[in-house]
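Top line first, the protein sequences correspond to chains A, B, C and D.
Residue numbers 1 to 269, in our numbering, belong to the letters of the first sequence in order.
Residue numbers 1 to 269, in our numbering, belong to the letters of the second sequence in order.
Residue numbers 1 to 269, in our numbering, belong to the letters of the third sequence in order.
Residue numbers 1 to 269, in our numbering, belong to the letters of the fourth sequence in order.
Quick caveat, the hints were computed from the structure, so don't treat them as lab data.
Do not rely on the hints blindly, as some may be mistaken.
Chain copies aren't distinguished; within one or between two, either way the pair holds.
[Claimed, not checked] Only pairs whose alpha carbons sit at most 25 Å apart, straight line, appear in this in silico DSS-like list of lysine-lysine:
1) K8 / K190
2) K146 / K190
3) K24 / K227
4) K81 / K190
5) K193 / K52
6) K52 / K172
7) K172 / K81
8) K172 / K59
9) K193 / K59
10) K24 / K81
11) K172 / K8
12) K52 / K190
13) K81 / K227
14) K24 / K145
15) K24 / K193
16) K59 / K24
17) K24 / K190
18) K172 / K24
19) K172 / K193
20) K227 / K59
21) K227 / K36
22) K146 / K36
23) K227 / K79
24) K227 / K193
Protein chains: 4
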Amino acid sequence: MNDSKSVKNLIGENDLVLVYLNEKRQFLVQITPHLKLSSDFGELILGDVIGKPYGYIGKTHLGREFYCLKPSTADLMMKVKRTTTIVYPKDTGYLLLETAIGPGSKVIEVGTGSGALTLVLAKFVAPDGMVYTYDRREEFIENAKKNIERAGYINNVEFFCHDVAEQEFLQKGVDAIFIDVPEPWTIIPKAAKVLKGGHHMVSWSPNVEQVKSTVDALQNNGFIRIKVSEIVEREMLVRQQGVRPRERGVTHTAYLVTSQKILGSGFEI
Amino acid sequence: MNDSKSVKNLIGENDLVLVYLNEKRQFLVQITPHLKLSSDFGELILGDVIGKPYGYIGKTHLGREFYCLKPSTADLMMKVKRTTTIVYPKDTGYLLLETAIGPGSKVIEVGTGSGALTLVLAKFVAPDGMVYTYDRREEFIENAKKNIERAGYINNVEFFCHDVAEQEFLQKGVDAIFIDVPEPWTIIPKAAKVLKGGHHMVSWSPNVEQVKSTVDALQNNGFIRIKVSEIVEREMLVRQQGVRPRERGVTHTAYLVTSQKILGSGFEI
Amino acid sequence: MNDSKSVKNLIGENDLVLVYLNEKRQFLVQITPHLKLSSDFGELILGDVIGKPYGYIGKTHLGREFYCLKPSTADLMMKVKRTTTIVYPKDTGYLLLETAIGPGSKVIEVGTGSGALTLVLAKFVAPDGMVYTYDRREEFIENAKKNIERAGYINNVEFFCHDVAEQEFLQKGVDAIFIDVPEPWTIIPKAAKVLKGGHHMVSWSPNVEQVKSTVDALQNNGFIRIKVSEIVEREMLVRQQGVRPRERGVTHTAYLVTSQKILGSGFEI
Amino acid sequence: MNDSKSVKNLIGENDLVLVYLNEKRQFLVQITPHLKLSSDFGELILGDVIGKPYGYIGKTHLGREFYCLKPSTADLMMKVKRTTTIVYPKDTGYLLLETAIGPGSKVIEVGTGSGALTLVLAKFVAPDGMVYTYDRREEFIENAKKNIERAGYINNVEFFCHDVAEQEFLQKGVDAIFIDVPEPWTIIPKAAKVLKGGHHMVSWSPNVEQVKSTVDALQNNGFIRIKVSEIVEREMLVRQQGVRPRERGVTHTAYLVTSQKILGSGFEI
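Chain A extracted, bound-state conformation (with noise of 0.2 Å):
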């Protein structure tokens, strides 16, 4: 049982924290010994934070409170560098649980983008698991690189710059595969050579066309169990003056597939 003497939870350098002054006004930050921040709140002196513990609340030169806060998974995610659209963590939280990955896991991603599912499968494989990510253009991977060491997360990742359509997979046996790319029935009988058995793959697409072919491709494939779901988030605004859905907001992000492997000819794991 923890007691109080053990518990760790003061900011170090190079710790991420969201600062928040308010919901427009939140900043993803890593924190390193002369860093400033300046807003239309005025001036933040973060370096000044190391050694304080999380839920310490600051003041910027105009005297306006700001609060140094645990970033949350979803956090890290929202607030990676993007180069590419990301998925959202409401589409990620699901199809993590669509999954049987956890620590230890291996897990191959296609479609590395901003690497922003990237960081979210290598924090819950840690610390012994790996993912291993796929994208066949160079400076997606260099971006996704850095917004994962960042993040912490990079001693399990592993980045390839190959095209999977003409290339094979350099891994055998994983517990799970995530694709995200336009088509993702190209990718399928490749990846189905080195999926487990029984396990899962999943890929998300925003139209109804794409989510067709790939269910034809699972199904010509080997996969049962093919499942589509949409995630909808809706926000409740809980106020003095009243509670109510909040009035305008994100209607469609993707559509999610999750399919398992059966073996047959041609599949022997």
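Starting from the known structure of chain A, arrange chains B, C and D on it as the hints suggest.
Same frame as chain A, but now just chains B, C and D:
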């Protein structure tokens, strides 16, 4: 990198297998040497699948195929023996990512219930983290313990048969607190004392009034960045005859509340 | 301005009354002098309510109260004798307002079905307008005719037992066309010829593929401002113990397509 | 039956035309002899469309096509000059069908606002029915009057600049009452006295608390069959590159309350 020799994908004694005949006939089974299962599709000799790989296709004595699949985390949740309503995977995935927890975290759960959430938390704080779960009903804890033991995460859970309305929490400085009781607002002041500053308190409730009282209590106990959301899962049926959303289904489970603690009078951690 | 003398609110012979005992026991009844109804709440002597006002509270012979309510247009739709799936009030209300029709309009409906939509259209084009409704199945028309006669709108409907795939429409210059058949795209070229320029063609279908083919046909036949929507009704339960959305329910009925015709080669009206 | 000679589809002086250039450039215009309209697509000489049929394709002086379309009822609502938030067509269509009103009905509306609902009610009770609309703000009534006059339904509306919180309704025995004020529960006792027995009272509000107070007041004033719903419109984009729901949009307008009056102490009509 993996090579095919090191891939371990064989079903062993006591492993959990999702035995799948079709959408309406799927069972989460712990495999033992002489296990048989009877269904209207015939008898399944499940002892025989020991040593076979996941993804294996067996046959009932009536010649119907069955598939030995790896259960997803969502399967483990949905197939616990239930003494209570459980939180759904769609909501759990969202809540998990809205906190900072991962391998190594210390988490308090209030309201063990059937242990569906407990096992997910245990899985994702493993191998070094710990879930401290509280329930005042002995029989619920007994059932939950069995569910979590079967799922293989018992080493990452400590159970407390306490009424937290009457006793203090026995941990200090935890990374997140998950509250699943009908009146979360009665727990929040105590819970606030043992949560690390800057970290996450989450709860969920079916009714608007509960959410309102919870938000009030959070605001009065030093929490900020309070957000209330609903997660709606909408299944799409992708079939030869056409693609469309499922015509009937679940339309509400719970409103989800997330928040973060700031330090101040009375909260030193 | 009304005065109380001129208010006519008495139930007459042949009037339709919604007899309401509770949520699960409500019946749309045409009142006749000696009518009795039996339910597990006792016998209702409905002949006796002639001359009573709407809103009247009667009692069964077991002493349970029943209420004589005015049926809404939605009640008239939902309580037709059904030979087919019907279009829901939530969808009908939307479609009605997405056209320009009102008292005096001439409207074509293709696919009479059970006549649920027919009676709504007839009601809202009365007293001088007309609905021309087509179905190739004699028995459907017979049933729909009875449904509309009972609802009191028979004078505003003309029925045609034609297969519009094989025969031309017998009207020209109608104000709107409502298409409720499995393959709307087969009807659209013919329908386009008899719809007034600038006016509205609407259809609805459960599947995405149907909607896509319909939109294609509209684009190829001189229609613009094509819009596809889904209308989701979400019931809120407002009870002493709390307010929340209903937990299970209808999650999909149909995609609704609206469009307007422009003039051009081949369309002179 | 119609024949082509009797079809009247020509645009006349003072007619309302929806002038459509593209999705972002559409205008509801009342046509007058020398009317010109300027847009970034060029000048439109709208006086020239008098005598042309609806569906006519004109050209701007820059050669861009514009279409002269028949405005739908929803267009008439959405394009009123607004002094207030208006009720949306998706909600209006639902509410209209949840009452019994049609040609010839007498209806009270409380909260004229911009007159968007007033004109829909007026349209569907025409030619012999009447809408009695109340607002305590003179300037709102003046604006609404112009909106309804332009739409052509002024003969079916009587306006009352009364504060119904302080004065009685001037009608008795109406077929339905529509309440669009922030505190419907303050109006309900008075409104109940002038509504026909068995008939419909409807209201709508953005917040849960408002709905709860409204439902309480309805229960305390002899109303049954109280139902609360939300209507969510979800647009699907059907394009060459794929079909998907629109990515951002309206996520909440109002909760809709419908109910029916029963007779009893104090209510004789």
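So, going through the hints one by one against the coordinates:
no.	hint	result
1	K8 / K190	between (45 Å within a copy, 20 Å between copies)
2	K146 / K190	neither (29 Å within a copy, 40 Å between copies)
3	K24 / K227	between (37 Å within a copy, 14 Å between copies)
4	K81 / K190	neither (30 Å within a copy, 38 Å between copies)
5	K193 / K52	between (50 Å within a copy, 18 Å between copies)
6	K52 / K172	between (46 Å within a copy, 18 Å between copies)
7	K172 / K81	neither (31 Å within a copy, 35 Å between copies)
8	K172 / K59	neither (53 Å within a copy, 28 Å between copies)
9	K193 / K59	between (56 Å within a copy, 24 Å between copies)
10	K24 / K81	within (18 Å within a copy, 32 Å between copies)
11	K172 / K8	between (39 Å within a copy, 11 Å between copies)
12	K52 / K190	between (50 Å within a copy, 23 Å between copies)
13	K81 / K227	between (31 Å within a copy, 24 Å between copies)
14	K24 / K145	neither (28 Å within a copy, 41 Å between copies)
15	K24 / K193	neither (47 Å within a copy, 28 Å between copies)
16	K59 / K24	within (17 Å within a copy, 46 Å between copies)
17	K24 / K190	neither (44 Å within a copy, 30 Å between copies)
18	K172 / K24	neither (45 Å within a copy, 32 Å between copies)
19	K172 / K193	within (8 Å within a copy, 48 Å between copies)
20	K227 / K59	between (50 Å within a copy, 24 Å between copies)
21	K227 / K36	neither (48 Å within a copy, 28 Å between copies)
22	K146 / K36	within (21 Å within a copy, 52 Å between copies)
23	K227 / K79	between (30 Å within a copy, 18 Å between copies)
24	K227 / K193	within (21 Å within a copy, 43 Å between copies)
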